[in-house]
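Whole structure, please, built from the sequences with the hints as guidance.
For the record, the sequence lines run as chains A and B. So in the numbering used here, the last spot in the first sequence is 642, and the numbers never skip. So in the numbering used here, the last spot in the second sequence is 678, and the numbers never skip.
No lab work stands behind these hints, which were simulated from the structure alone. Incorrect hints may appear among the rest.
Okay, the calculated beta carbon distance ranges per label pair [to be verified]:
1. Val191(B) x Leu543(A): 53 to 61 Å
2. Ala462(B) x Arg586(A): 50 to 58 Å
3. Leu553(A) x Phe548(B): 38 to 46 Å
4. Lys400(B) x Phe465(A): 29 to 37 Å
5. Leu543(A) x Met602(B): 13 to 21 Å
27 Å max Cα-Cα, derived BS3-like pairs, lysine-lysine [said to hold, decoys possible]:
6. Lys559(B) x Lys400(B)
7. Lys464(B) x Lys277(B)
8. Lys540(A) x Lys605(B)
9. Lys540(A) x Lys400(B)
Interface residues of chain B toward chain A, partial, derived using beta-carbon atoms under 10 Å [said to hold, decoys possible]:
10. Phe353
11. Gln359
12. Arg367
13. Phe370
14. Lys400
15. Ser566
16. Pro570
17. Ala578
18. Gly579
19. Tyr601
20. Met623
21. Arg671
Quantities reported herein were computed from a predicted structural model and do not represent experimental measurements. The beta-carbon is built from N, C-alpha and C at its ideal position, and this holds for glycine as well.
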Amino acid sequence: MTSETETAKRFNFNTVSAVIFIALGVALFLVIPHQIDKPLINLGGAGQSHLDAEAFPQMVAGIFVLLGAWYLFVSFSLREHNELRKLDLEAITNVIVTLAIMAAYVWLMLFLGFVAGSAIMIFTMSTYFGNRNFVLGALVSIAVPLVVFVLFTKPLVTSLPPFPVDELIPESWIIYEPLKYLSNKSIF
Amino acid sequence: MFEAFLAGFSILFNPETVFMTFLLMAAGLFLGMFVGALPGFTTLMALAILLPISFFIHPLLGIPFLLGVYKGGIYGGSIPAILVSMPGTGAAVATTFDGPALTKKGQARKALEIALFASVTGDLTSDIVTIALIGPIAAVALLMGPPELCAVLFMSLIVIAGTSSGVFVKGLLMLAVGLFLGMIGQDPIGALSRFSFGIAEIEAGIPLLPMLIGLFALPEIFVSIEKKASQIIQAKDLKVSGARLTWAEFRSCGRTIARSTGIGTLIGVIPGVGQVVAAFMGYAAAKSASKTPEKFGTGELEGVAAAEAANNAVNGPTLVPLLTLGIPGDNLTVILVGAFIAHGLRPGPQLMEQQGPLVFAILIAMVLANILFIFIGYLCIPMFAKVVTVRKSLLLPLTLIFAFAGTWVFRSNPYDLAILVIFGAFGYMARKLHFNVTPLAMGFILGPPMEYAFGQTVTLAQGAIFNYIVFERPIAAVFVAATPIITYLIWRRSVRLRQQFGTTD
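Shown next as structure tokens:
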């Protein structure tokens, strides 16, 4: 037996994933009675000729267990590598920083508004990822969120967290008109 | 259907709107080519983040806009593939076999032009075939009742899940995850609450848009930021140099383009195969049919034409199973399903019956988009060549704000942003563990209609489902019988490939 095959036969991330899928299937079976509402009335005693709301979830739970068992069996012969383990420190740091920036961005967007929140996010992220032209970075950070904000809120008449620029942008500009026309679904 | 086709013309050429339709298609093509030309930025990501824009405009404007992004993105990937041997999209990998060699010979302009003309020819021809096919297939699809629909959906899901992932069972498991996520909310028959776990925000189900953007756009961003952006490509490397393509050279590639268009069109109709396979098959077929196959790989115009005609010829025909049966053939068409559903147009047999003229108007617009395609592509080739050097450090956060803004405008609900990030992180981990999320999205979208059709079948069968299917619904019985055979064949292929290459991922 070659060392490669020995490596392949050992317990690997696919084995762990398979066990998780089986556990998910079993958990699904267990929660079905508690997580699916019962009908208030039995429609005409439909019984056998009516698909119960629990039937499809039970099938899917069964599929998880069966496929999970198959996957478990197959996993010992798979030679795939766990790419998460291959990530170096730089990659892990960058992904974590980006996730943190995303979380902060949600908060900033809700409390400072879309334009200010986005401007801070773009400037921070672009600087972290290597942009050293700060003037360009600042310009892009302010201009792009403003354009996106105007596009979505004025002509397309949707909503983005407004503060602090909403008051400053005119409600009606001639340049909105062609785009407003697009969002008017009654034109057809 | 012919009346619907004619009505489609009058809807499309409504003088009040026709200009805007074409303007938006041009914008879509431009954006698609721009993103496609950026190595590391895929057409899928562009479609996912631009999807919300299409929600707030009429489908005749929004869907052609997305189709423009789709077409432009597939072509745009060939630009860095030819100039710097970095395929902008997976579909352009086969273009790197001959494109960079042509650039080294000082024939970059010829290579880019043959890529454009082959792409447009493949796309245009396959779009016309799409319109010709869609009517008859939709007419047959209309004869299908719930048992047939359920059987077709089930078979398609298995095919897509089985072919999308290197390891067969992993594709099926992702499909099961999608089916489970699709069950969250209300059951499609009795509207009973399921798996909401007391969270009010998901009482009506997981919203499709944040999930799609999260699954398909954010993982691309995470992969791109693994290494900090570095300007490895110098602007001087991107000179679009050399003589222009001559008519004689284009004509000499005619047979290759026609063959690749045929291959791409056929592949497009089959769910789960896609542009990458089409490009490789088109290239291989051109090489084996050539009198000088040894020249392939050393800078042969036919090599570029073969790959590009084949990958673009896939675009239109992927809409055939989507619009007639409601089956998205690949991850790009999953995004298009999102656009259709957002407009209250659920792809499937009923769509052609209820909205035939509108669907044909969109398809005719798609055919005419090729005229814009050739103009924008031809005029902007030098500019798109420079796009390769645009700083990733600035583009990545901009992509992020589009993803977040697009998610927010859907319901103005902060929970949607959480769903976006959760599915983004899930999609990234899935990719790193060799799971393909396309079957998940398919299961999520097609699970509820399949359950509904299954429920109707159970009711129609009055408890004797086996007898009902076998004796009263022979077409459904054929699909049911064919499913295990097809499943076995896909599984055998998957095992064979795994034995050959260790893994097909």
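Hint-by-hint comparison with the structure:
Taking 53 to 61 Å as the suggested C-beta distance range, the pair Val191(B) and Leu543(A) conforms, at roughly 55 Å. The hinted window of 50 to 58 Å between Ala462(B) and Arg586(A) holds, with their beta carbons roughly 52 Å apart. Taking 38 to 46 Å as the suggested C-beta distance range, the pair Leu553(A) and Phe548(B) conforms, at roughly 42 Å. Separation of Lys400(B) from Phe465(A) is about 31 Å and conforms to the stated range, judged on CB atoms against 29 to 37 Å.
The beta-carbon spacing between Leu543(A) and Met602(B), approximately 18 Å, falls within the hinted interval of 13 to 21 Å. The straight-line distance between the Cα atoms of Lys559(B) and Lys400(B) is roughly 22 Å, inside the 27 Å bound, and the hint therefore holds. Proposed proximity of Lys464(B) and Lys277(B) is supported: the alpha carbons are some 24 Å apart, at most 27 Å. Only pairs whose Cα atoms come within 27 Å are accepted, and Lys540(A) paired with Lys605(B) is accepted, the gap being roughly 9 Å.
The straight-line distance between the Cα atoms of Lys540(A) and Lys400(B) is roughly 13 Å, inside the 27 Å bound, and the hint therefore holds. Because the smallest distance between the Cβ of Phe353(B) and any Cβ of chain A comes to about 5 Å, under 10 Å, the interface hint for this residue holds. For Gln359(B), the interface hint holds, the least distance from its beta-carbon to any beta-carbon of chain A being 9 Å, beneath 10 Å. Interface hint status for Arg367(B): upheld, as the beta-carbon distance to the closest one in chain A is roughly 5 Å, under 10 Å.
Hint status for Phe370(B) relative to chain A: holds, with the closest Cβ pair at about 7 Å, below 10 Å. Interface hint at Lys400(B): satisfied, since its Cβ lies 7 Å from the closest Cβ of chain A, which is below the 10 Å cut-off. For Ser566(B), the interface hint holds, the least distance from its beta-carbon to any beta-carbon of chain A being 4 Å, beneath 10 Å. At its closest, the beta carbon of Pro570(B) sits 4 Å from a beta carbon of chain A; the interface hint therefore holds under the 10 Å criterion.
Because the beta carbon of Ala578(B) sits about 5 Å from the nearest beta carbon in chain A, less than 10 Å, this interface hint is met. At its closest, the beta carbon of Gly579(B) sits 9 Å from a beta carbon of chain A; the interface hint therefore holds under the 10 Å criterion. A cut of 10 Å between beta carbons decides the hint on Tyr601(B): the least distance to chain A is about 7 Å, and the hint holds. A distance limit of 10 Å between C-beta atoms decides the matter here; for Met623(B) the minimum to chain A is near 9 Å, and the interface restraint holds.
Here the hint on Arg671(B) is kept, as its CB sits about 8 Å from the closest CB of chain A, short of 10 Å.
Violation of the numbered hints given earlier is absent; every hint is satisfied by the structure.
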